[in-house]
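Same order as they appear, the protein sequences are chains C and H.
Following my numbering, the numbering of the first sequence begins with 1 at its first residue and continues without gaps.
Following my numbering, the numbering of the second sequence begins with 1001 at its first residue and continues without gaps.
Please note that a few of the clues may not be correct.
Selected chain H positions facing chain C (in silico; Cβ < 10 Å) [to be verified]:
1) Leu1107
2) Gly1169
3) Val1177
4) Ile1179
5) Trp1211
6) Pro1215
7) Leu1232
In the SDA-like style, the derived pairs of lysine to any residue whose C-alpha atoms are separated by at most 25 Å in a straight line are [stated by the list, open to error]:
8) C/Lys27 x H/Phe1026
9) C/Lys108 x H/Phe1014
10) H/Lys1159 x C/Lys108
11) C/Lys195 x H/Lys1159
12) C/Lys116 x H/Leu1228
13) C/Lys116 x H/Ala1181
14) H/Lys1093 x C/Gly33
15) C/Lys27 x H/Ala1181
16) C/Lys116 x H/Ala1020
17) C/Lys116 x H/Ser1248
18) C/Lys27 x H/Ile1161
19) H/Lys1094 x C/Lys108
20) H/Lys1093 x C/Lys116
21) C/Lys27 x H/Tyr1095
Covered by chain H, per the in silico footprint, the following chain C stretches (three or more residues, Cβ under 8 Å) [stated by the list, open to error]:
22) 38 to 50
23) 104 to 114
Don't read these hints as lab results, they were simulated from the structure.
Just so you know, these numbers come straight off a predicted model, no measurement behind them.
Even glycine gets a Cβ: it sits at the ideal position worked out from N, Cα and C.
One-letter residues, chain by chain:
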Amino acid sequence: MSILTQSTVAAGVRPSRAVRRRRVLRKARNLAGLLPFFVYTLIFFGAPTIMVVIKAFQDQQHHWTLANVAESIQTIYFDSFVESLKLSLWSASTGTLVGFAATYALLKTGNTWLRKIVQTAAGVFANTGGIPLAFMFIAALGTYGMVTEWLQRIGIDIYGGRWTLFGFSGLLLVYLYFQIPLMVIVILPALDAQKREWREAATNLGASTRQYWLHVGGPILFAPVAGAFLLLFANAFAAYATARALTSGTLPLVPLQIGSLLSGNVIADKANLGFALGFGMIVIVAIAMFIYNATQKRAAKWLQ
Amino acid sequence: MAAVVRRRRERHIFAWAILALIALYFMLPLVSATEFSLRENNGTHGLNAYRAIFQQTDLRDVVMLTLRLTVISVVLSLAIMVPTVTMVHLGAKKYRRLVEFISLQPLVIPPIVLVLGVVNVMPVSLLGSADLLGFEYVVLAMPFTFRALDAGLMNLDVKTIVDAARGLGASWFTVLVRIVAPNLRSGIFGAMFLTIALVLGEFTMASLMLWNTFPTWIATVGQSDASLSVALSVASLAFAWVLLVLISFADRRRKA
């Protein structure tokens, strides 16, 4: 049927009324089939998100104002954006680095059996977050944790100084538990696609290992690594449960601030401040996604 | 020549050493949690913490609510996503990118922001029911359900089999339930398992909408009984992992 329509159009003949009607009907049927999806996402996802953005710019009497947004980037709330960004950037860069090293080492061993295990394990660990993860680390490195007690027995008291699992560096250590596997999942196909011939061609042309990575391997891997980094960043930035369970609100992070504003642990006239913080989170993730798209597009052009 | 071989072997040892260190980082918390959950008052080990799980008075309510949310999310997810993704592969190809874009948005907007909007935009009657949480889980699961079903349909000549069934006089409902669904089995299972894993682990929305699901319950228990909450964590992780490993096997079979 599509061949028939094409030939009539090509011959400059207007399609018959029956054909046109069938086309309109098909279009309507397609849209009708997609309607439940569009309506559902609009009600349960679109409307709440738009609400957050609108309310960020309104006071409680529904007058337009910039006061919420202004307050959300001041004092303690500014600190929480800084702290959240710091934690996300640190955990994303460490995760990217360690995950890359792990994947590189995995491919170096050339062991297919090991590779299958790592792939399955990474898929499983990357999905391990939230409350159970926090309790797992409390059992390991908490005040009475197994590892803490082991280390005490050999004379190392990790709680002797100022370090605690329930602060910034502790949280960073816990986040890596889902960040490293995510990096492995994302980067494995890209590292796998590095062609042996490229390396050989470069070597034959007299390139040293350093030169190969600087001028060939590095630029090719830039886009996937940058993409993975931004993915890890967004992942850590949005995390709430693990931070909530471990720090019980002592570390100022944006999601924790929104959580406590939402559960009403705060003066009533600050209710709309939560929306401004939420809006701030949306803006930051949007910027990350924008950079992501830019790096991927450039890479697509470059590899063509 | 011997030097080259030695250098290569040294590099291999280095690679294995890195992997062993990373494996240690992943194993230690697991082993610790298991040991911690088996600790008993007099310094010995036993299964008391696991026995205590079944003596909790609110266990029944928590399990019932979590099960209910799981059923709602899985059924609604499939009811919405299977026809949508099939449609996108059949005739509405130009909408594929739009549908994919929308489906991936829940990965972009953090759940903490979404819940903030939900409690403010939804009518009170709906907010009073735990089912709303299930409706939102359908949204949170969309990136995964879309991917799983989309990949399943890629491997299927869906146009041909649907045309054949329609030509033989099957209704659209029959086509979906008796033609598309059975052929899409592995994709549907993948979507189901991922949705279940999500519901069993989701904390942010459940706690802020004040519902006592399994994850929020573990957090509450943890404030008074550390070993019980670690035992619950181990149990829930073990359950989620079995699900996720099953998915990866289903995936491998599909590729084979």
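To see whether the hints hold, each was checked on the structure:
Below 10 Å, beta-carbon pairs count as interface contacts, and H/Leu1107 has one with chain C at about 8 Å; its hint therefore holds. A least Cβ separation of about 17 Å between H/Gly1169 and chain C goes past the 10 Å threshold, and the interface hint is therefore violated. A least Cβ separation of about 15 Å between H/Val1177 and chain C goes past the 10 Å threshold, and the interface hint is therefore violated. Interface restraint check for H/Ile1179: the shortest CB-CB distance to chain C comes to about 15 Å, outside 10 Å, so the restraint is violated.
Residue-level restraint check for H/Trp1211 is violated (minimum Cβ-Cβ distance to chain C is 13 Å; threshold 10 Å). Evaluation of the H/Pro1215 hint against chain C yields a held restraint, the C-beta minimum of about 5 Å falling below 10 Å. This hint holds: H/Leu1232 has a C-beta 8 Å from the nearest C-beta of chain C, less than the 10 Å allowed. Restraint check for C/Lys27 and H/Phe1026: the C-alpha separation of about 52 Å exceeds 25 Å, so the hint is violated.
With a C-alpha separation of about 10 Å, the suggested pairing of C/Lys108 with H/Phe1014 holds against the 25 Å cut-off. Restraint check: the Cα-Cα separation between H/Lys1159 and C/Lys108 comes to about 43 Å, which exceeds 25 Å; the hinted pair is violated. Among the hinted pairs, C/Lys195 with H/Lys1159 is inconsistent with the structure: their alpha-carbon atoms are about 37 Å apart, more than 25 Å. Using a Cα cut-off of 25 Å, the hinted pair C/Lys116 and H/Leu1228 is violated, with the two alpha carbons roughly 34 Å apart.
A C-alpha spacing of about 29 Å is found between C/Lys116 and H/Ala1181, which places the hinted pair above 25 Å, so the restraint is violated. With a CA separation close to 12 Å, the supplied pair H/Lys1093 and C/Gly33 stays within the 25 Å bound. Only pairs whose Cα atoms come within 25 Å are accepted, and C/Lys27 paired with H/Ala1181 is accepted, the gap being roughly 24 Å. As the CA atoms of C/Lys116 and H/Ala1020 are separated by approximately 16 Å, the hinted pair is consistent with the 25 Å bound.
Annotation: proposed proximity of C/Lys116 to H/Ser1248 holds, straight-line Cα distance about 10 Å (limit 25 Å). Between C/Lys27 and H/Ile1161, the direct Cα distance comes to roughly 20 Å. Compliance with the 25 Å bound is thereby established for this hinted pair. A C-alpha spacing of about 42 Å is found between H/Lys1094 and C/Lys108, which places the hinted pair above 25 Å, so the restraint is violated. Among the hinted pairs, H/Lys1093 with C/Lys116 is inconsistent with the structure: their alpha-carbon atoms are about 35 Å apart, more than 25 Å.
A C-alpha spacing of about 11 Å is found between C/Lys27 and H/Tyr1095, which places the hinted pair at or below 25 Å, so the restraint holds. A stretch counts as covered by a chain when three or more of its residues have a beta carbon under 8 Å from one of that chain; for the stretch 38 to 50 of chain C and chain H the count is 9, and the coverage holds. Remark: the stretch 104 to 114 of chain C is confirmed as covered by chain H, as 6 of its residues place a Cβ nearer than 8 Å to a Cβ of that chain, reaching the required three.
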